[in-house]
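Each chain, written out:
2 protein chains.
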Amino acid sequence: MPRTQAFARDDVVRAARALFWRSGYDNTSIPELEQATGLSRSSIYNTFGSKRGLFDAAVRSYFDEILRPRLAPLQAEAVEPHAVLEYLDGMRRAFEQAGSLPATCGCLLINAAGAPIGQDAAVAGLIAEYRSELRAAIERGIEAHSPGLPGERTSQLADVVTGLVIAAFALIRVAPAEAAASLGTARDLIGSAGAA
Amino acid sequence: MPRTQAFARDDVVRAARALFWRSGYDNTSIPELEQATGLSRSSIYNTFGSKRGLFDAAVRSYFDEILRPRLAPLQAEAVEPHAVLEYLDGMRRAFEQAGSLPATCGCLLINAAGAPIGQDAAVAGLIAEYRSELRAAIERGIEAHSPGLPGERTSQLADVVTGLVIAAFALIRVAPAEAAASLGTARDLIGSAGAA
DNA sequence: CCCTTTCTGTACAGACCATTACAGTATACA
DNA sequence: TGTATACTGTAATGGTCTGTACAGAAAGGG
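First to last, the protein sequences are chains A and B.
Here the numbering used here is used: position 14 in the first sequence is 14, and no number is missing along the way.
Numbers in the numbering used here are just positions in the second sequence, counted from 1, shifted up by 196.
The set of hints was computed from the structure by calculation and includes no laboratory data.
Incorrect hints may have been included.
[Unchecked claim] Derived DEER-like restraints, expressed as beta-carbon distance ranges:
id	chain 1	residue 1	chain 2	residue 2	range
1	A	Glu77	B	Arg349	34 to 42 Å
2	A	Glu80	B	Asp384	23 to 31 Å
3	B	Gln231	A	Pro147	53 to 61 Å
[As the list claims (entries may be wrong)] These stretches of chain B come out as covered by chain A in the derived footprint (C-beta under 8 Å, 3 or more residues):
id	segment
4	220 to 228
5	301 to 307
6	361 to 373
7	378 to 384
Built from N, CA and C at the ideal position, the CB exists for glycine as well.
Using the sequences plus the hints, can you model the full thing?
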């Protein structure tokens with residue numbers, strides 16, 4: 001009976017995600033979203049309820065399609081010894097790939113953390129959750145890389161590496177070289193901890 | 197001949213600075229600035245030329261009155277051995293002081309780094325300059341604290357501590373406890389480097 | 001083929017924004 | 001005290017924004 005939806009919801013969310021990623025929530029307008037998604041205003045509101053609803057869908061998509069896949073090897077039951085180094089290298093490559101969204105815009109969530117939308121409880125909670133997940137994944141990666149390390153040292157090293165990753169995200173837009181170097185430093189620390 | 201200015205320019209800039217700090221450039225409106233500064237629209241435009249002009253004045257004031265004084269002990273000719281630890285402790289106290297601007301809003305510049313205004317070349321340059329100054333100051337502080345440390349280790353430790361400070365700024369709004377802990381980690385690293 | 005249901009495009013409404021134009025007012029010197 | 005000068009309040013301008021209302025188009029089942 002009902003007419004079927006003529007567009008692929010996931011594609012729409014991905015297009016919106018790119019826009020929010022680039023410009024942030026407040027600085028992305030409905031007309032821009034119309035153009036990027038190919039949908040008209042009506043369909044956007046009919047499908048997502050509001051600009052905020054579309055943003056939430058974009059954030060969830062960012063979480064599932066961008067963040068989680070990178071962390072997956074560190075969240076698996078068995079973590080490869082080099083998984084944490086590969087994570088950092090992969091991130092660094094993304095940062096050095098000129099023109100890519102991570103290189104030019106950093107992290108959608110970390111950007112939101114300093115913006116007005118970051119004051120929103122739901123968004124703030126999600127960012128805190130991501131930080132916590134990142135921290136846990138990195139700690140597991142370090143454990144797999146340097147099993148002999150005392151737990152206290154592992155934990156501290158995880159704090160440091162997590163901080164360096166977040167600092168890299170925060171600075172990529174204004175100091176890309178330093179942001180990449182920050183990841184390099186994290187890599188070196190893990191390497192030398194294993195040697196010690 | 198000319199009528200003298202009836203308001204204290206510095207006070208106006210400080211009031212505007214607090215607003216920009218809390219809400220960012222885009223999310224602060226002229227009516228809000230009028231109310232906070234006590235000036236009318238005319239006087240704001242007459243004195244600062246534009247909203248952007250007032251923002252630039254606010255950023256300069258932030259640099260001179262907030263950031264620089266904290267770094268000063270690390271930029272003096274002779275740096276005290278504990279200056280870098282005191283810097284981190286002072287920052288941590290500011291972060292833990294509930295309701296204060298640093299605790300609730302982090303850093304005006306780091307927030308701007310992820311916002312649209314951070315794409316502006318002048319603002320981006322200023323943020324990069326601050327990062328570089330912070331990094332240099334921290335390195336000098338570490339040198340003063342642990343003079344025996346090899347230069348390579350000092351440099352790496354400075355990278356790490358700088359990253360942890362920036363990560364703390366980036367996360368304070370959404371994860372204040374973790375942000376403060378990040379500074380604690382930085383402190384511990386410097387302490388244990390000195391002991392080694 | 002018809003009819004119900006859903007999707008979609010256009011036009012509108014109401015609010016806010018930064019900025020400017022202009023008139024009025026207060027000052028400091030002659 | 002007069003007057004040139006600069007400061008300041010009001011009001012208007014032109015633009016943009018999100019969200020909504022409504023009409024029309026498309027699609028699937030009977």
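Tested hints:
| no. | hint | result |
| --- | --- | --- |
| 1 | A:Glu77 - B:Arg349: 34 to 42 Å | holds (37 Å) |
| 2 | A:Glu80 - B:Asp384: 23 to 31 Å | holds (29 Å) |
| 3 | B:Gln231 - A:Pro147: 53 to 61 Å | holds (60 Å) |
| 4 | 220 to 228 | holds (count 3) |
| 5 | 301 to 307 | holds (count 3) |
| 6 | 361 to 373 | holds (count 9) |
| 7 | 378 to 384 | holds (count 3) |
Consistency with the previously given hints is maintained throughout, with no hint failing.
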